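Undergrad: As a plain string of letters, each chain reads:
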Amino acid sequence: AVIGATVPTGFEQTAAEEVREKLGSASRISRDRGKIYFEVPARSLPQVHRLRSVDNLFVVVQEFKDYQFEEKKEDALKHLEDLVKKLPWTDPLKVWELNNSLKKKKTKRKKHNLQSPASREKLSEGGEEGGADQNTTNDQEDCAQNPVAVEPTGGQDTETPQGVASRNGVEEEEDHEQADVKVGEQEGSGSGTKAGDSEAGAGEAKVLRFRVTCNRAGDKHSFTSNEAARDFGGAVQEHFQWKADMTNFDVEVLLNIHNNEMVVGIALTEESLHRRNITHFGPTTLRSTLAYGMLRLCDPQPTDIIVDPMCGTGAIPIEGAAEWPNCYHIAGDNSPQAVKRAANNICSLLRKNESKDSSSALGVPLDVIQWDICNLPLRTGSVDIVVTDMPFGKRIGSKKKNWDLYPACLMEMGRICTPGTGRAVLLTQDKKCFAKALSRVGHIWRRAQTVWVNVGGLHAAVYLLRRTTERADEARPFW
Amino acid sequence: KLGHPSELPPEPVPNYEGGEEFLRRLHHVLLEVEVLEGALQCPDSGRRFPISKGVPNMLLTEDEA
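In order, the protein sequence lines correspond to chains B and F. In this text, residue positions in the first sequence follow full-length UniProt numbering: the first is 1, and each later residue adds one. In this text, residue positions in the second sequence follow full-length UniProt numbering: the first is 1, and each later residue adds one.
These are calculated hints, taken from the structure and not from any lab test. Please read these numbers as outputs of a predicted model, since none were measured by experiment. Keep in mind that the hints are not guaranteed to be accurate.
Label pairs and their in silico Cβ distance ranges [claimed, not checked]:
(1) Leu-350(B) to Arg-48(F): 40 to 46 Å
(2) Val-33(F) to Glu-21(B): 33 to 39 Å
(3) Leu-59(F) to Arg-31(B): 46 to 52 Å
Calculated lysine to aspartate or glutamate pairs in the EDC-like style (CA-CA distance at most 16 Å, straight line) [to be verified]:
(4) Lys-86(B) to Glu-238(B)
(5) Lys-340(B) to Glu-37(F)
(6) Lys-53(F) to Glu-238(B)
Incomplete in silico selection of chain F near chain B, CB under 8 Å [as the list claims (entries may be wrong)]:
(7) Pro-12
(8) Leu-31
(9) Glu-32
(10) Leu-36
(11) Gly-46
(12) Arg-48
(13) Met-58
(14) Leu-59
(15) Leu-60
(16) Thr-61
Note that the Cβ used here is the ideal one computed from N, Cα and C, for glycine as well.
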């Protein structure tokens with residue numbers, strides 16, 4: 001199957017490396033930034049879900065490298081509508097079904113952990129013929145049906161408002177599982193749907209609900225993403241006889257248009273993976289996928305000491321401890337709220353590990369300390385990697401404070417870092433201030449690589465720095 | 001001085017890397033014991049840094065900085 005994955009923009013290469021390393025597949029990086037494509041056998045889906053650099057996954061129905069949209073809006077939209085019945089839906093829908101059964105297994109595990117009553121069992125339909133003529137029967141569910149499902153977006157990060165969800169584990173808050181779809185019961189009888197190659201509908205005891213999400217980028221299109229989603233959705237409904245539902249859908253059809261590149265896909269993830277380890281948020285908590293990308297950039301080696309001296313809620317060290325357990329991770333911040341949140345997030349992580357084993361919780365090579373970045377209680381040259389999300393000066397601190405803070409940070413980070421082999425990966429939006437600060441510490445830090453990223457709509461950069469061989473001044477007397 | 005029976009020698013003995021028993025005890029103290037309430041004490045200055053709910057506070061006071 002051809003799988004598409006959305007990744008933090010700027011980290012496509014990193015994600016491709018993770019895919020090669022863990023799945024053995026090569027990836028294609030599309031010009032539509034923030035997406036990579038790779039081919040894997042369907043049975044590898046569980047491993048695909050465990051990738052740590054991807055936000056969302058989808059299975060590709062068809063890719064168009066150079067789609068010529070008609071100039072007039074009605075023509076262009078009509079063309080999209082006509083496209084629906086020609087697309088090869090069968091195999092992708094099978095992948096979607098398989099993916100669903102994986103999700104259900106996870107749900108069972110979650111339920112077991114939560115010990116909640118099985119209140120989600122839908123009334124069984126009895127497995128008669130599915131859909132076409134039965135548009136009226138399945139009304140015991142909610143009736144808030146929008147005639148056509150439209151998802152208006154033009155921009156990059158389509159964050160479905162799904163709330164906080166950790167991937168595998170104990171979830172305190174109510175999740176919004178979709179309706180239980182009776183998948184995999186290939187009755188063979190009941191070809192409810194009229195469409196030719198959509199057998200996926202056939203065995204279903206229930207009519208599927210769907211929505212279309214369209215992302216459109218480019219300045220030569222005659223239509224908006226709303227219109228495309230609406231009309232494409234109409235054709236999908238016609239073709240499969242599915243029910244359109246914006247909030248409680250089983251199938252999310254993706255229509256990604258980037259200039260003349262178009263990809264039709266079916267979503268495989270419902271909750272974005274990017275907040276997986278965090279239960280206690282702060283004002284600027286970093287996406288776990290971005291934290292992972294930053295850590296990978298430093299190429300952590302077993303026994304490396306990795307420090308985040310401005311850890312906030314601890315997103316980076318927590319991701320680090322989870323994925324690089326052979327390193328030791330230290331998180332620190334001067335703010336008591338931040339330190340408290342980080343500690344709580346670590347506790348949640350420990351509890352998550354606990355519920356899997358029946359025995360006592362395994363420790364995690366991770367610790368939190370409250371400290372001052374300009375006076376770190378760490379010995380000179382004792383740290384291998386410094387990785388942190390520096391205050392942008394917008395929500396935390398201020399641009400003015402940064403003028404003093406940044407150089408002081410770089411000096412102190414340079415002191416604790418091992419000369420020659422040490423490295424730092426720093427994220428900041430205040431690029432001007434950073435460049436100036438860096439120019440002053442050229443004897444300690446050398447710029448090795450820069451990755452341009454998008455963080456909450458802000459254009460930021462991740463700098464990979466290498467520690468020169470020059471020794472720093474010894475620590476001050478009070479340590 | 002953890003108050004926790006760890007039976008560690010005051011200093012690493014020569015070839016400590018090979019001593020499995022020692023390594024086990026060291027691993028235990030470093031990675032399996034968590035101080036929830038207490039203090040860290042600087043061996044040189046004697047300055048104490050309090051630990052509360054597992055988190056040491058190593059911020060300097062105005063005078064020290």
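Undergrad: Determine for every hint whether it applies to the structure shown.
TA: These are the hints, each one checked on the structure:
{"no.": "1", "hint": "Leu-350(B) to Arg-48(F): 40 to 46 Å", "in the structure": "27 Å, violated"}
{"no.": "2", "hint": "Val-33(F) to Glu-21(B): 33 to 39 Å", "in the structure": "35 Å, holds"}
{"no.": "3", "hint": "Leu-59(F) to Arg-31(B): 46 to 52 Å", "in the structure": "48 Å, holds"}
{"no.": "4", "hint": "Lys-86(B) to Glu-238(B)", "in the structure": "13 Å, holds"}
{"no.": "5", "hint": "Lys-340(B) to Glu-37(F)", "in the structure": "15 Å, holds"}
{"no.": "6", "hint": "Lys-53(F) to Glu-238(B)", "in the structure": "60 Å, violated"}
{"no.": "7", "hint": "Pro-12", "in the structure": "16 Å, violated"}
{"no.": "8", "hint": "Leu-31", "in the structure": "5 Å, holds"}
{"no.": "9", "hint": "Glu-32", "in the structure": "6 Å, holds"}
{"no.": "10", "hint": "Leu-36", "in the structure": "11 Å, violated"}
{"no.": "11", "hint": "Gly-46", "in the structure": "11 Å, violated"}
{"no.": "12", "hint": "Arg-48", "in the structure": "13 Å, violated"}
{"no.": "13", "hint": "Met-58", "in the structure": "4 Å, holds"}
{"no.": "14", "hint": "Leu-59", "in the structure": "5 Å, holds"}
{"no.": "15", "hint": "Leu-60", "in the structure": "6 Å, holds"}
{"no.": "16", "hint": "Thr-61", "in the structure": "11 Å, violated"}
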